[in-house]
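Peer 1: Just so you know, the protein sequences line up as chains A and B, in that order.
Per numbering that gives the first Met the number 0, the first sequence starts with residue 0, numbered consecutively.
Per numbering that gives the first Met the number 0, the second sequence starts with residue 0, numbered consecutively.
The hints are simulated quantities; they were obtained by calculation from the structure and are not laboratory data.
Model, not experiment: these values are computed from the prediction.
Glycine included, each C-beta is placed from N, C-alpha and C at the ideal position.
It is possible that part of the hints are untrue.
Each pair of labels, with its calculated beta carbon distance range [unchecked claim]:
no., chain 1, residue 1, chain 2, residue 2, range
1, B, Thr148, A, Thr74, 47 to 57 Å
2, A, Gln1, B, Pro96, 26 to 36 Å
3, B, Asp382, A, Trp113, 54 to 64 Å
4, A, Gln1, B, Thr148, 42 to 52 Å
5, A, Trp113, B, Glu171, 20 to 30 Å
6, B, Ser128, A, Asn46, 26 to 36 Å
7, B, Glu171, A, Leu83, 23 to 33 Å
8, A, His75, B, Ser128, 25 to 35 Å
9, A, Gln1, B, Glu171, 54 to 64 Å
10, B, Arg292, A, Trp113, 57 to 67 Å
11, A, Glu73, B, Glu346, 27 to 37 Å
12, A, Glu73, B, Ser128, 24 to 34 Å
13, B, Pro96, A, Glu34, 48 to 58 Å
14, B, Asp308, A, Ser72, 53 to 63 Å
Residues per chain are reported as follows:
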Amino acid sequence: MQYLLLINEDESIYEGEAGARIMQEVLGKHMAFAEALVKDGVAFSGNRLQPGATATTIKWDHGAHSLHDGPFSETHEELGGYYLIDVPDLDRALHYARMIPIPGKGAVEIRPVWEMG
Amino acid sequence: MSAGDTIAAARPRVIAALAAQLRDLDLAEECCDAAVEALLRTAEFPRDCAAWLFVAARRKALDAVRRRRREQLALGSDSATEGQDMGEVIELPDPIPDERLRLIFICCHPALATEARVALALKVICGLSVEQIARGFVVPEATMYQRITRAKAKVRDAGIGFELPHRRHWPERLEAVLLALELAYAAAFRDAADSEERQLAAEVERLALTLAELLPDEPEVLGMAAMVLLARSRERARLDGAGAMVPLSLQDTTMWDRQRILRGSDLLARAAQGGSGGPYQLMAAIQLTHARRAFEGVTDWQAILTLYDGLLVLRPDPVIALNRALALAKVEGSSAGLAALAGLPGERLAGFLPFHAARADLLRKAGDFAAARAAIDQALALDPAPAERRFLEAERQSLGEARASLDK
């Protein structure tokens with residue numbers, strides 16, 4: 000089964016000089032995470048996203064739409080990246096999701112992908 | 000044991016083994032129910048009920064899987080030709096493997112809401128009807144049906160695994176199971192639960208004891224089982240002849256089930272050997288201290304107060320604080336109890352019936368009959384269950400009489 004692991008974080012922790020150091024550590028942990036997936040033979044993909052401020056959102060309301068600057072949900076924790084992994088069940092997905100580094104406040108949402116046919 | 004009891008005892012083992020093999024909760028449940036129906040129609044009750052049910056349910060599962068395959072073939076689906084023949088997959092293991100723990104962990108997965116967990120466990124593992132579960136939790140049947148359907152859909156669509164969780168994740172997974180059991184316990188043993196709800200209480204007890212049997216080294220699991228046994232020991236004393244609730248302190252202890260008390264006490268002693276304490280052991284210890292009245296004639300309220308102090312540290316919860324205040328009233332008098340009640344978050348407890356009932360009781364003991372009566376009216380306004388309504392109305396009436404005699 001495929002699962003999308005959505006990484007939502009308060010990115011203010013990466014600001015400034017101390018933040019840059021934390022980011023270096025986190026990037027290292029992401030590398031280690033990817034290596035663990037490869038070692039376990041788990042098919043995956045993933046990306047880091049530009050900050051929420053770079054987002055543009057098209058909002059729809061029954062046929063009418065408007066453009067908004069910024070992400071869809073205005074919260075402190077914003078979508079900062081994702082992984083798509085293929086594992087047998089939710090417990091395996093949780094096992095890997097727990098390995099994703101979140102140095103400050105944040106959350107990893109685990110969503111099964113709708114299987115076609 | 001009656002046939003019904005034998006079937007109820009066999010069911011968790013049968014459905015768990017079936018679900019583990021089929022990896023399909025719905026199909027396992029459907030086939031198990033059909034097997035139970037078939038069993039009830041047989042002239043001669045089998046010697047080994049679980050084995051009989053398992054063989055019958057497995058045959059039905061096989062039929063269902065073959066039918067599905069034929070339908071897929073008719074539709075020209077490629078997936079129908081894939082995979083092995085289910086006849087080989089559903090081999091009859093002998094003896095039936097004990098997969099109950101797996102099934103409990105699936106039904107009580109933390110990916111499900113606590114309410115959904117307990118509903119799913121009672122439906123799938125215990126085989127209670129949606130109607131029975133809905134009544135136990137005082138929600139409309141349609142709501143409960145939807146809750147169970149959604150929970151099953153989540154198990155399927157989120158891909159909740161049929162493997163036993165890794166040992167490392169057990170604390171987290173066990174907590175999810177215990178919270179679900181606690182919710183079931185609260186529904187089955189609330190003061191006003193009437194005799195119709197005994198079925199729920201019986202199944203909660205069965206589930207708690209099963210878990211204690213499967214995980215004999217987990218102190219909190221043993222604590223939970225002890226708590227349920229001790230609560231159930233008072234089942235016959237909870238209602239009077241007129242169907243009114245009898246509060247714990249007024250119950251006739253000769254009607255308590257001493258065997259259950261002793262079993263609960265043993266479980267708690269075993270839990271204590273495990274070395275790690277926890278809320279369920281404390282709650283069971285409170286129950287046990289109450290139960291000792293059956294043997295010692297008096298209640299050690301100081302011990303209960305100390306236990307509540309400990310519980311309040313682990314769980315800073317206004318309902319526990321309310322019970323602590325009642326214990327304090329027994330130790331230091333009703334005015335101390337009332338003062339403690341006054342310190343609780345009143346607005347959070349305003350809709351909680353036992354808060355008003357407790358206030359009424361303490362106000363009455365303090366001699367403030369008018370205020371006690373007002374508190375009872377507040378409790379009655381919260382739409383109590385029939386047994387509790389009868390109790391509160393009787394209280395209200397006796398308060399009226401007490402007042403009348405004072406006026407004379």
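Peer 1: Work down the list of hints and note, for each, if the structure agrees.
Peer 2: Tested hints:
no., hint, in the structure
1, B:Thr148 <-> A:Thr74: 47 to 57 Å, "violated (31 Å)"
2, A:Gln1 <-> B:Pro96: 26 to 36 Å, "holds (30 Å)"
3, B:Asp382 <-> A:Trp113: 54 to 64 Å, "violated (43 Å)"
4, A:Gln1 <-> B:Thr148: 42 to 52 Å, "violated (24 Å)"
5, A:Trp113 <-> B:Glu171: 20 to 30 Å, "holds (27 Å)"
6, B:Ser128 <-> A:Asn46: 26 to 36 Å, "violated (49 Å)"
7, B:Glu171 <-> A:Leu83: 23 to 33 Å, "holds (25 Å)"
8, A:His75 <-> B:Ser128: 25 to 35 Å, "violated (46 Å)"
9, A:Gln1 <-> B:Glu171: 54 to 64 Å, "violated (24 Å)"
10, B:Arg292 <-> A:Trp113: 57 to 67 Å, "holds (58 Å)"
11, A:Glu73 <-> B:Glu346: 27 to 37 Å, "holds (30 Å)"
12, A:Glu73 <-> B:Ser128: 24 to 34 Å, "violated (45 Å)"
13, B:Pro96 <-> A:Glu34: 48 to 58 Å, "violated (37 Å)"
14, B:Asp308 <-> A:Ser72: 53 to 63 Å, "violated (43 Å)"
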